[in-house]
Amino acid sequence: MTTVAELERRVEAGEDGLGDILEVSMGPHHPSTHGVFRMDVRLEGEKVVRLKPVFGYLHRNHEKIAEHGAYLSAIPYTDRLDYLCSMTNNWGYVLAVEKLAGIPVPERAEYIRVIVAELTRFQNHAGLVGFLLQDMGASGTPLMYAFREREKILDLFESLSGARMMCNYLRFGGLRVDCTAAWLEEVRRLVAGLPKFVDEFEALLRTNEILMARTQGTGVLPRELAVSAGVTGPMLRASGVNYDIRKVDHYGIYDRFEFRVPLGDHGDVYDRYMMRILEMRESLKILEQALRGIPEGPIMDPKTRLRGLRPKAGEAYGRIEAPKGELGFFLISDGSANPYRYRVRPPSMINLTILEDMCLGHNVADVVVILGSVDIVLGEVDR
Amino acid sequence: MSALPTAEDLKAQIEAGVPGTAVTVVPNGSPSAQHSLLLDHGHARAVALFLRDHAEFRLDFCSLVTGVDWLDTELTEKLKVKKMVAGPDGAETEQEVEEVRKTKVPGYLEAVYHLFSMEKKHGPIILRLRTANRTDQTHVPSLTPVWRSCEFQEREAFDLYGIVFDGHPDLRRILMWDGFEDHPMRKDYVPPADDILAAPRPEAHA
Amino acid sequence: MADDLKDLKLELSKNGIFTTTLEELYNWGRKNSVWPLTFGLACCAIEMIATTMARYDLARFGAEVFRPSPRQADLIIVSGTVTKKMAPQVVRLYNQMPEPKYVIAMGACAISGGPFRDGYNVLKGIDRYIPVDVHIPGCPPRPEALIHAFMTLQKKIEEQALRGESRPRHLNANEPSEFPVPAFGAHGLEPAQNDEVFLNEPGNPLRILQ
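Here the protein sequences come in this chain order: R, C and U. Using this note's numbering, the first residue of the first sequence is number 1, and each one after it goes up by one. Using this note's numbering, the first residue of the second sequence is number 384, and each one after it goes up by one. Using this note's numbering, the first residue of the third sequence is number 590, and each one after it goes up by one.
To be clear, the hints were calculated from the coordinates, so they are not data collected in a lab. This structure is a prediction, so every number in the text was calculated from the model and none was measured. For glycine and all other residues, C-beta sits at the position ideal for the given N, C-alpha and C. Honestly, I wouldn't trust all of these hints.
Unchecked claim - Chain C regions said to be covered by chain R (calculated; three or more residues, Cβ under 8 Å): (1) 391–400; (2) 404–416; (3) 433–447; (4) 534–545; (5) 559–571.
Modelling step: build the complete structure from the supplied sequences, incorporating the hints.
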């Protein structure tokens, strides 16, 4: 395979016999780019020789808006980062503020946080498998199955927080409002039925010839490159690196629950797809344990200051294992009511660093499948 | 999580391991106690390699690169100085007078790196690189050759703050379009006039 | 339609004779087969996808297939924040759609910039460059709200008279169907808005200020 530099030299020199060099701009309006994302791809025939991701089409300067508002007013904006997983976005931010200002969280609030976070993880992974199959051409059917369960989970979120998607539910020091016993019963009923859904979903797809042919061996990501490129989440674990922030940082009360961290062997698209299926099952295990152990009690310390919080001057970095990877928030406080610096660590954007490396040498049709397995949401990539 | 050394210990180990470097500890006032180390430009990359390849630290994962803008500030000091003061009879005597002295402290741009170890499962270790000023000396060395994860994030700090990372393989704008001329996340950025239709932003309420 | 014509229609239909006007037939065909473009920008796009899924099922209303190519689409649902970087592409896509074409501005961001109004990269509403037919507020609007917007559009199409002053754009050779695409400037888009579209929009409160 020629190197990119050699190819560019030959193009500049106007040499013949190069094969068809084609520059294609995939996006920003494209059925399979998961939003307004563009890739400038240079093809030699059908093989990719260069791929540069271009984004910023959804850059809504979330960080500047948060720096102009109070700490509390940033929470609804975090909903709109990774807009499929608003509960976990909220958690990442309130964890950083709790670290910055030293705010404790009551036990019942921690349990409810785990419940909503694992439900979020479940519907995100189901949706991702649906979208991945959609990109491969299974027009809509796996996505319909995934969205059927997602709607049930969104119903629960709506009755708890008032909104289907933009929940704005977590607060530093606890939660906005407590859940009822009836709501917990509904969650138990739903969680009891979900393993059957995962079995059905997996059985429909596991031995599908097209899925296996298109994903096995495609887009391999070696371990060392994954670590150096800061890849996190299921994509990292598919390459065999055991790094799950729930186990590393012991945040919240995850230490009380027994769950495994699935790891992949090959680091290809098929492994990343299997990661999501296995993590869905682990999430259900955590949910069952949390629903059994949730205590009564308050969900917020009454002395916690929400409006007009003025943390001491200093900084803190708080991170969680979001469904897409490591979601972190870096806050610098100068003692006033607004954060001096508010920075989001976007897992989707950092996971895109090695998109080119994974796609080189593959056909252009594989680019869509590889991008689908990275699991990006443009609200988070661009903020 | 294995215990990492304190910031002072780490400073000593780095200065021993990378001769010639000068590391300053920047303390952190918040309960998170995440102190950071300010590096000098000349040895930053050597320190980064030292931390990455060190057998005990193995900081192989650079999680976050943040650009920060610190504006020019004015330091007001009240000092007691001895000055010749004319008395009512015209004779000058030496007296102690209180004087207000204002010194301009130049602002700077800063790049903050949060490092963790995937192998040892510890962290964060925080590094800082500062520019000389906000106007014409905005270069810092790039750490992308050490950790690939810095690639896009340093481009973003360049795009939004104007910090130029020397040694970055592909330094160009990442979120705004190529012809855009401002660095919008700076604290003194003023958006174009035709953008503003409504009342000014409300201040944060007490 | 005039009342006496309606009575005649009713009488005839009781005798098993179906009558209609050309206008009614034409508009009935158009309103029941509006094919949207697969165009999702941000969070509202997920609610748009949820509207097409099994529970809310937009296909019942005629939006059976979402077309990826603008040449085959009738409707562009601008769902999500339009940034200045994306705005030229939105206008280009709109220009490429053949007449008759409609625009639904879905969500607060597409209407006016929404919660991100305070943004150096955010376009304060897509109606700065292209004419919008239906605005549906929400952040994001529920799937039922999007269906309501769709039904409002269908009603608008149904009531369009094919002759006279208020005939739709595609039957009026004097009305433009393509709009100038903004260019990237040094500090923002140039021009910042298309005054003919933005200030002439009925119901735009800024018209009063001019």
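Name the hints, by number, that the structure is in violation of. Hint 1 contradicted; others consistent.
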